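Colleague: Based on the sequences and whatever the hints tell you, model everything.
There are 2 protein chains.
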Amino acid sequence: MNLILLTNDEIINNITEITGDKLKHILTFIKPVAGDTLKVGLVNGMTGDGIVTAINAHKLVMTVQLYKKPPEKLPLTLICAMPRPKVLNRIIQHATTMGIQKIYIIKTWRVEKSYWESPMLEDENLYNQMILGLEQGKDTVLPFIAIRKLFKPFVEDELPEIIRGSTALVAHPTGETQCPFDIGSPVTLAIGPEGGFIPYEIDSLQKIGFTTVSLGQRILRVETAIPYLTGRLF
Amino acid sequence: MNLILLTNDEIINNITEITGDKLKHILTFIKPVAGDTLKVGLVNGMTGDGIVTAINAHKLVMTVQLYKKPPEKLPLTLICAMPRPKVLNRIIQHATTMGIQKIYIIKTWRVEKSYWESPMLEDENLYNQMILGLEQGKDTVLPFIAIRKLFKPFVEDELPEIIRGSTALVAHPTGETQCPFDIGSPVTLAIGPEGGFIPYEIDSLQKIGFTTVSLGQRILRVETAIPYLTGRLF
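Protein sequence lines correspond, in order, to chains U and D.
1048 is the number that the numbering used here gives to position 57 of the first sequence; each next residue is one higher, with no gaps.
1222 is the number that the numbering used here gives to position 231 of the second sequence; each next residue is one higher, with no gaps.
In case anyone wonders, no lab produced these hints; they're calculated from the structure.
Just to be clear, a hint being listed does not mean it is correct.
[Said to hold, decoys possible] DSS-like, lysine-lysine: derived pairs with alpha carbons at most 27 Å apart:
1) D:Lys1022 / U:Lys1098
2) U:Lys1030 / U:Lys1064
3) U:Lys1060 / U:Lys1129
4) U:Lys1098 / U:Lys1030
5) D:Lys1060 / U:Lys1022
6) U:Lys1104 / D:Lys1015
7) U:Lys1013 / D:Lys1077
8) D:Lys1013 / U:Lys1104
9) U:Lys1140 / U:Lys1198
10) D:Lys1077 / U:Lys1129
11) D:Lys1059 / D:Lys1098
12) U:Lys1015 / U:Lys1050
13) U:Lys1129 / U:Lys1013
14) U:Lys1015 / D:Lys1104
15) D:Lys1077 / U:Lys1077
Given the structure is predicted, the values throughout are model-derived calculations rather than measurements.
Modeller: Quick look at the structure:
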């Protein structure tokens, strides 16, 4: 927690009062005392300072000054096959922390059907994971997240528009080339499930303009591949 | 599990019999039938094929042929502050999967004292995590792992020898430069705990030849930073 995120409702006349779980978290990880200046931010807004005017086990009161833009997002759209639900949480958090702008969680052939029943996919959980990711990365701007449970209409009808103006790459063990470094322009990056995309899916992606890129002989887990490729591309 | 790792004891006259937890894992994730060819490897040895000659709920029998070298390791030594114990497991697994050659888990000022009591640091657990990482990455060669509970003697007496012949980088929010891409030569990479290295620790590392590198304004979690930097450097 490198930044405390607040919503508009939580700031009244530049004063915020924090209670409940959020306070518990702050008391555990930041341990502030009166007079301390903490990093704060407004969800989808500016960042700045919160000066602690009072604190006890039940309430933290801060005077809030917001004056600084959050860090720029990466021009990166991630198309990610639905992973095991508990891995999904980490992926959302870490992708948000790194500044990935848009995340599509999609169905592919090798995604276990049961994963779609998971409460992790509910809006409230996704929101909470994004907030954790933003607070870690000192960012305020929620990424765009969408769930797409039908592969073919997504790829044929929606994805061509999403990839327009970007380099579209799909990580695949038998990729045509090694994944490039330091690309410096927008990228759409597709990552398959454990076991990978099936040939039909790779064909469909190639047909609309994706290039397959390899990460070498090693097969990385999805949660490793996402930061590995993000650090490489930007 | 992209490869089934076997020890020398488990292969007799090119035949292996798998039972117990390992069998359960294979039945869950690979679901083989008689006649299937599975990827197998010998710990610290060659990889090859295992042809399933018999399988039931209690035993899997394979004829094993080992003929292929495992993938090359990356010329990367990781110096990582001890993280939360359950994160340690993921870090060991993912670092092993990516082919990191040597891993030092070290004490720094901001490492919670209680972490050192964790059973996760026991040899048996570290071995199991490495095996999981190797099986994911289709590798057989265990990385070198060492635990160092005293910062100063480690940095002053041992680390100068470890970094000899490598580019020594320490990830730090106020780093001198952005982390380089595609370095193509040996690297020693130091990553601090949540909260970072303290100034004295950064000074100590710089004194023996480390360069501080920044990952931009965002603060990544250790488990994100390791693949992020690995994908960038190699």
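Colleague: Checking against the hints above, which ones are violated?
Modeller: When the structure is compared with the hints, numbers 4, 5 and 11 turn out to be violated.
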